[in-house]
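**Q** Heads up: the sequence lines are chains A and B, in that order. Note that our numbering has the first sequence beginning at 1, numbered continuously upward. Note that our numbering has the second sequence beginning at 1001, numbered continuously upward.
Among these hints, one or two may not hold up.
Claimed, not checked - Mimicking EDC-like on lysine to aspartate or glutamate, the simulated pairs with C-alpha atoms at most 20 Å apart in a straight line are:
| # | chain 1 | residue 1 | chain 2 | residue 2 |
| --- | --- | --- | --- | --- |
| 1 | A | Lys149 | B | Asp1171 |
| 2 | A | Lys207 | A | Asp157 |
| 3 | B | Lys1155 | B | Asp1041 |
| 4 | A | Lys307 | B | Asp1171 |
| 5 | A | Lys298 | B | Asp1173 |
| 6 | A | Lys307 | B | Glu1175 |
| 7 | B | Lys1059 | B | Glu1175 |
| 8 | B | Lys1176 | A | Glu408 |
Source of the hints: derived by calculation from the structure; they are not laboratory data.
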Amino acid sequence: MDLRHKSTDQVRGNERVTSGTSGKTLDRRRFLTAAGLAGAAVATSMPALAQSPTKPDPAITELPDWSRYLGDGVAARPYGSPSKFEKNVVRRDVEWLTASRESSVNFTPLHELDGIITPSGLCFERHHGGIAEIDPAQHRLMISGLVDKPLVFTMEDLKRFPGRVNKIYFLECAANSGMEWRGAQLNGCQYTHGMVHNVMYTGIPLKTLLDQAGVRTNAKWILAEGSDSAAMTRSIPLEKALKDCIVAWGMNGEALRPEQGYPLRIVVPGWEGNMWVKWLRRIKVGDEPWQHREETSKYTDLLADGKSRRFTYVMDAKSVVTNPSPQAPLKHKGPNVLTGLAWSGRGHITRVDVSIDGGKNWSTARIDGPVLPMSLTRFYVDINWSGEELLVQSRAFDSTGYVQPTKEELRKVRGVNSIYHNNGIQTWLVHKNGETENVEVS
Amino acid sequence: MSKSLKILCAVLALAFLSYPVAAQKLNLGRVALPEEVAAWDIDVRPDGQGLPPGKGSVKQGEELFLAQCASCHGEFGEGAGRWPVLAGGLNSLKSDRPEKTVGSFWPYLSTVYDYIRRAMPYGNAQSLSADDTYAIVAFLLNMNNIVPDDFVLSKENFGKVKLPNAEGFYDDDREKAEKAFWNKKVCMTNCKKEVTVLNKARAIDVTPEENKNAPKVD
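Work out the full structure, taking the sequences as your base and the hints as a guide.
**A** Written as C-alpha cells, this is what we have:
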C-alpha cells in the first residue's frame, strides 16, 4: 500500500489558524475527577437537571411493539449479529489510498468501541491479494529449512498439541497514521488510527513446532509464508520466534475470521502487523533474513537523509482519544466521557495523560480494564464541558519509560517520508458546537 | 465404596497418569516429502539461495511485460493510477516526493525475482516459468538503465547485478537515535504560552463520508 498523500495539488496550504482557545477558558477544575480527587467537585460544578418537558414522553407512555408482540425465536439467529440500529458500526476504507480493493486496507471503527477487545468482525483488514477462502481440511503447515526433519501438520494435528495458550495482543499496521506525516489529513480516528485491533488469540507457541522439527544450531531467522495469492512472506528473527510467537487458529474464542487468516496465522506480539502472516502455510528456518518485498521496498522507514531504517519491528507506545473525535462529536454540554486507547509493543502502558488545551496543561487519565503487555489499554477522563473550544490530546507512557512523542518531535528525527511508525500525539479540535476535527497545533 | 466405583477410580487414576504429555517428540504431524518441500520452496535470498535454473533476455522480458504487467504498471513502468511505479526515481529519496522504484529504492535484485515469482501477475500468481521470470526481471533492470538492451539474466550472472540503493538501509536504531523519547521529564502545567492550530484535515478534504453537518448540542 502506498500511503502518499492523494496528490500534490491536494496538499494543504500552510494556513495558520489561530485557535480561539485561550488559557482562561481551560479551567483545570474540569480535570478534578480525572485525578480521582473529588466526585464532589464535579457535583458542585454540575449544571441543573434538564427541565422536564410539558408533555409526557411517548417513549414512556406509549407501549411499543416490542413490549406487546413476540419477537424472533431462538432459531432465527443461529449466529447472532449486532442490532440493526448499529449498522453504522462498520469497517470503512479510503478508496483513493490504494489501487485495488484486493490489495488494500480498511479501518477499525475505534470511536464506536469501548473496553479493550475488538469484536472479530470489526478488526481492520489488510490484504495483499484478497481474502483466501481456505477449507481447513485442505490446509497444511510445513516447517522446513534448517531443521533436523521437515514436518507437515494438518489443522487437526496442531489442535492436539499440548501447551495451548490464550493471549491478548494488539496488532497494529506499521502504516497506521501513515497518512498524517505531513499534517492532519483524514477526519476520523477510524482513519487516522484504525489500523489496530486487539483480540485474544488461541494457539500453540511456535517454539513447540520448531522443537518438533529440531532447529539446527546455525539457524538465526525464520520465514513465515502465507498461502494467499500474495504468498505473503516476512523474515522474523529466530529469537523472537522462540520467545513469544504463536501459531494461532482462534480469535476471541472462535475460529479466526477468513479476513484474519483462517484457518491459521502467526502472532508476533508487539511487532508490526505486516509480520503476522495470515493463512500461514510455511515456516522456513534459515541463517539470514530473506529481504523480501515487504521488508525492503515496503515496511522500511525512509528518513530525511535518503537512508532507510529496516527491521523496525517494534511498535512504539502510542495513544489516541477515540471520543470525542471527528466521527464522535460532543453532543451535550455538562458531563461527558472522554475516552481512548493506549498501547505499546515494548511492554505495558503505565500511564496516559490527557490535555484539552492543546498541550498547555495535562492531567493523568484513569485506566480501566486489564492492563496487559502488548495489548490495547483503555483510559478515561470524565469531563464537564461548558461549550468552549477544546484541543484534545493524549500521551502514553510504557513500562520501558518511553513517552509518546509529539508529531513535531518525530518529524525532527525522521522527516516526513517514512510512511511507517507514526506514533505522534494526535490533536482533535472540538468546536463550540461540538463538531470535532483533526488538526495539528503548535 | 462399591466395587464398580473402585474400578472406575482406578481407571480414572490411570487415565490421569497417562495424560500429561512431555513436550518432547510427540509424533504429531509427519515428515515432509522432498517433493512437498520443493513444491513450496519458492523463496529467494540475496545470496542467490533459492534461484531456479534458467535465463531470460531483456527482449523476451519486454514482450512478457507488455502482455502481462503493463496494464497496471504502465508500458514504461510508470504505474497506471495508483499502481506501483517500477522505474525511474533515481536520486529522489531525499526529495519532498521520493519515488521508490526497483531502480531507485529496492536494495536487492533477489527481492524482485522472489516477488514476481510468488505474487505476480496480480490475480494470476505463481503462473510464470523460471525463464519468464528471469526475462521480466531483466527487462525491469533495463527499464531502470541498469543493464543494456541485449542483456540476458540467468541464475549464473544474477549475483553480479547490484542495485543502486543497495547501501541505503541500516538496521533499526530507534533505541539509540530516539533515546530522548525515553524517561523524558514531562511538563504537566503551563507547558506553553500559546497554542495555534497549524493545519486541518478539513482543508484538504479527502475523508470519505465526512459528516459535514454540525451536530446539535444541547
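**Q** If a hint holds in the structure, say so; if it doesn't, say that too.
**A** The hints, checked one at a time:
1. A:Lys149 x B:Asp1171: Violated. A:Lys149 to B:Asp1171 sits at ~32 Å, over the 20 Å cutoff.
2. A:Lys207 x A:Asp157: Given pair A:Lys207, A:Asp157 holds - Cα atoms ~15 Å apart, limit 20 Å.
3. B:Lys1155 x B:Asp1041: 16 Å, holds
4. A:Lys307 x B:Asp1171: 11 Å, holds
5. A:Lys298 x B:Asp1173: 18 Å, holds
6. A:Lys307 x B:Glu1175: This hinted pair holds, its Cα atoms lying about 17 Å apart.
7. B:Lys1059 x B:Glu1175: Cα-Cα ~48 Å, so violated.
8. B:Lys1176 x A:Glu408: At roughly 19 Å apart (the allowed maximum being 20 Å), A:Glu408 and B:Lys1176 satisfy the hint.
Checked against the numbered hints given earlier, the structure breaks hints 1 and 7 and satisfies all the rest.
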